[in-house]
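Position chain R against the provided structure of chain A, taking the given hints into account.
Chains A and R, in that order, give the protein sequences.
Residue numbers are given in this note's numbering: position 123 of the first sequence equals residue 123, and the series is strictly consecutive.
For any residue, its number in this note's numbering is found by taking its place in the second sequence, counting from 1, and adding 1000.
Hints in this document: simulated from the structure, not taken from any laboratory.
Every residue, glycine too, gets a C-beta built ideally from N, C-alpha and C.
A hint or two may mislead.
[Unchecked claim] To be clear about the criterion: a stretch of chain A counts as covered by chain R if any three or more of its residues have a C-beta under 8 angstroms from a C-beta of chain R, and this derived list gives those stretches:
#1 11-20
#2 271-284
[To be verified] To list a few chain R residues with every Cβ distance to chain A over 10 angstroms, as calculated:
#3 E1022
#4 D1149
#5 W1359
#6 K1381
[Stated by the list, open to error] Mimicking SDA-like on lysine to any residue, the simulated pairs with C-alpha atoms at most 25 angstroms apart in a straight line are:
#7 R/K1239 x A/T263
#8 A/K260 x R/P1392
#9 R/K1221 x R/A1184
#10 R/K1181 x R/V1198
#11 A/K316 x A/R154
#12 R/K1224 x R/W1235
#13 A/K316 x R/S1318
#14 R/K1394 x A/R154
Residue-level listing of the chains:
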Amino acid sequence: MDFELSEDQKMIRRTVADFVKKELPVTRMRKMRDDETGFSREVYQQMGELGWLGIALPEAAGGFGGSFVDAAIVLEQFGTTLVSEPFAESLVAARAIVHAGTEAQQETFLGPHCAGEKILTLAHVENGLRYGIDGLQTRAEKNDGGYRLVGQKRWVLAGHAADQLVVSAREGDGIALFVVDASEVTRKAVATMDGRKAAMVELDVTVAADRRLEGDGAHALSRALDDGAAACCAEGYGIMKTALDMTVDYLKTREQFGVKIGTFQALQHRAVDMFVETELGKSMSILASIRADEVDDAERQRAISTAKAQLTTGGKFVVQQATQLHGGIGVTDEHDIGLYFKRMHALQVLYGDEPFHVRRFTELPSFAA
Amino acid sequence: MDMSFSPEDIAFRKEVRGWIAEAMPSDLAAKAAVDGNFSHDESMRWHKILYEKGWIAPHWPKEVGGPGLDVTKRFILSEELELAGAPQLSPFGLHMVGPLLIQFGNDAQTARFLPKILAGEEVWCQGYSEPNAGSDLASLKLRAEDDGDGNFILNGQKTWTTYAQYADWIFLLVRTDPDVKKQAGISFLLADMKSDGVEAKPFLTTGGTPAFCETFFENVKVPKENLVGPLNGGWTMAKALLGHERTLIAAVGLSSRAIRRVKRIAAETEANGRPLLEDPDVRARIARLEIKLEGLRMQNYRALASASLGHAPGPESSILKLRGSEILQQSLELAMDVMGHNSLEWFNGEGTVPAIERWVPSAFNYTRATTIYGGSNEIQKNIISKFLLGLPTK
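Next comes chain R alone, as it looks inside the complex:
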């Protein structure tokens, strides 16, 4: 048993930290320093800087443009980026459709799409959820019908398509056979967002930002060459994607940074003539959350050590999303509590509250989504109950 990082890994961490400090443009660094919200353009600027460095897709194989880092270095890179408050990049190309194409796409598809995902030349969004297909995703209805002329014709609606308004492409789960068991009639398609008949309408999240869209499809023509994997094989592929590397899902770097921010706010907030960070109750609350995070960090290390031996994600990784999403929410809730009346702040621009507090109320609100997206925590529990505890469903 050994829980230390190797000298090589420690050196890599130092290299990453040093590089981030130098490579991040000063305006982004200033925003990162106060945990500001980055715009889409700012995220894409950072995407391109990471691309130039060769670190944009650490988990991709070398043959398709990955940097060839081992699982521990990938973890370190990701953690350092989170700790630095760097802009979070759109995951849809890099973490979702990219890996799926690498696993299931044909040569033409990988050659066509992967380089542009890496370079940030094409932005992707995810078309899974529909108004009546949320947790019960397999009941999705968006129809794709063969026009007998080499195309699918799409009709229907997706929703909660995050940042579809900025996307060039969308990957979709569509209904290609309505007459079989619902999971068996789903296919995986790639569609150009500029196609005739596609319309993405942004709407506000509770965080006050237009992160979501409703995306409508009316007689949208998609060439058959954009089908990934076999016809009606979409569900299996979508599930396979969930089995991919889980070592980053706990977001311990993000939560570490969030707790550090709570302490900074508490140190700068006075109550009865002394900093709130000296209040024993506040200290205990912060400590309990930090202890929870340290527990998760250790859990994450176990998942990491297992992955670096080449093992598939086991029980140790099954709880990372559940616990990680809860801790991130709790750290923002604690920041709100420490801010007191300043937590009433809502997009008033500079000067109303200290810069480090400005984005907290928005972030607190949109972070409620972390226990909902990617399979809600209740769905995660159903999965653990069935597959790890073997509890009966009937």
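Chain A with its partners taken away, still in its complex shape:
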């Protein structure tokens, strides 16, 4: 048992932390809220050049062959300043291609992604589908030209700017994944609470047969959603730690009744409760990132559901109390704490909310009496 980062991993963390601090502070995210794209393509490409986009992807496909833990190191730092480039979105879609694609497909689709030339995202969420993979309605039917995809996808993260979508669709009794060029679908950009952008997507398109990823789509999709949940945990911990630090600093400086408000025991104990959840959040981020690569489905799902449920419960508590302890300033748009609040609440929905993961936990063999 060993939870120390390797020398290489420590170097990744230092590099990302420096870059984020210098180039991508939270003031920049604040500006990006008003930008039409919501992030910078140049910065995204830079992430490719730095090797970050391929960090947890196979070498044969142009990646670095690292583990999910390596990607989690990057995501945790991104959480600290709310980096808005679609790193996680692209990672989840790319990993879906890894889980379902042949080697040739991986090479075709992931090469440009790793270089930062193409942005990928997963187009999966629909009305009538409440987390997980059940209830999917988009249909794929084989025709002479390949596959015709018909359906509507909602809240496709960064979908307004992505170059390719990994689309989930029902095919007969099963599920298949397709790589679709964004230019071939109808997209409507929408804003999200956390200051980012997504797309509502109308699909009525025929794609070539080689755009259908050949592996078991349901299994790959389920793994990709687990990757997404693990990504939320890593970024979520970065958010929790930052919100806690900001709050503790505020308690040490803000004065009322002639004293620092951090001298009040009611507030001290609340801060400790936040600290407890943040510490557990760190454990959950580690658990999720180690287990994201676990091939045993039951073991992976148990860990991911544990982590997502625990971390988002704790994460919501931390940002809500951070807002509370900041008092009036905490609910002004001018103060950063609200930005962390919003992002944490967005993360709790993505890739399954707490009740979803609690239910999934009860359905695993390990839950039996």
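Below, chain R without anything else, positioned relative to chain A:
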């Protein structure tokens, strides 16, 4: 990063599990199977079996009778004992005064006391709290005065002295200097419970068992050789003890077993014609608690990995007691809720409720103490606030 146990550790776990199954006498095993309350005599029988095996004090150095297990194997041994529902042993000798003597005692003291703690020949209790010194422990008043003839003379009272009625010895924090800052006038003494003037009066806990005592001292003579460490150095030593290994404090094995028991009870309790364990609300409640425990388990693994690198307990271990004690309480509360009317059971003997439910109401009650003893959770929060978050006290 790697969260697996080594093949050697996995083999050790198997060895421990196999040994417990064979070594536990059938009457104790039967009681363990239904999570019964063990008596003092039963605990001491189990103590001696572990002693014979050499596993009684896994955390003691080899030179003083420890088995020389590394921190991971110690954790595994402890977890397996908890998972098996084995009798919990009195911690006062093995986990408190023993380690303190190993760190601060002189040669004569360690030679005199340690072997008998290991063998279970002498049982210890802890004399810290007083009626007016609970969370504010440093305000304790029990006086120890030098009689000029090689002895301290003790006068005063301790309380919540758990199982003092069975104890041969008591370790005490006493007031040896009333005229200095309160922490600076405290010494650490060992007293024979058979000394003239010592009286331990048991009283019931809310769990319905006489676990606590009030212990009175009237002109009790304690030879000066029973002073541990320097005169007026007791507070520092007592605090040092708190900094010891924390990897076992979360009691994840106990809570795992408690949640398993909740599931067993829920599987055997029918509501509207089907087992309660099939009820979605009940399932979700159990799952939420189990998820909390799995979170704590991971936290515990981090503390374990850090300790095995030789690091002092850090922030990761500071929350283990807080969270572990809460989860254990919640698991007993959930068992009560699942039992429904059977949770009204109170020492009716066999047959009123299923055997596995019999001890739950008592355990539910006395487990409320876990967030109070060893520094209440509010005190833990004060400590974290001050030392880890650096929040101002003035």
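Checklist entry - Can you list which hints this structure breaks, lowest number first? => result Hints 1, 6, 10, 14 not satisfied by this model.
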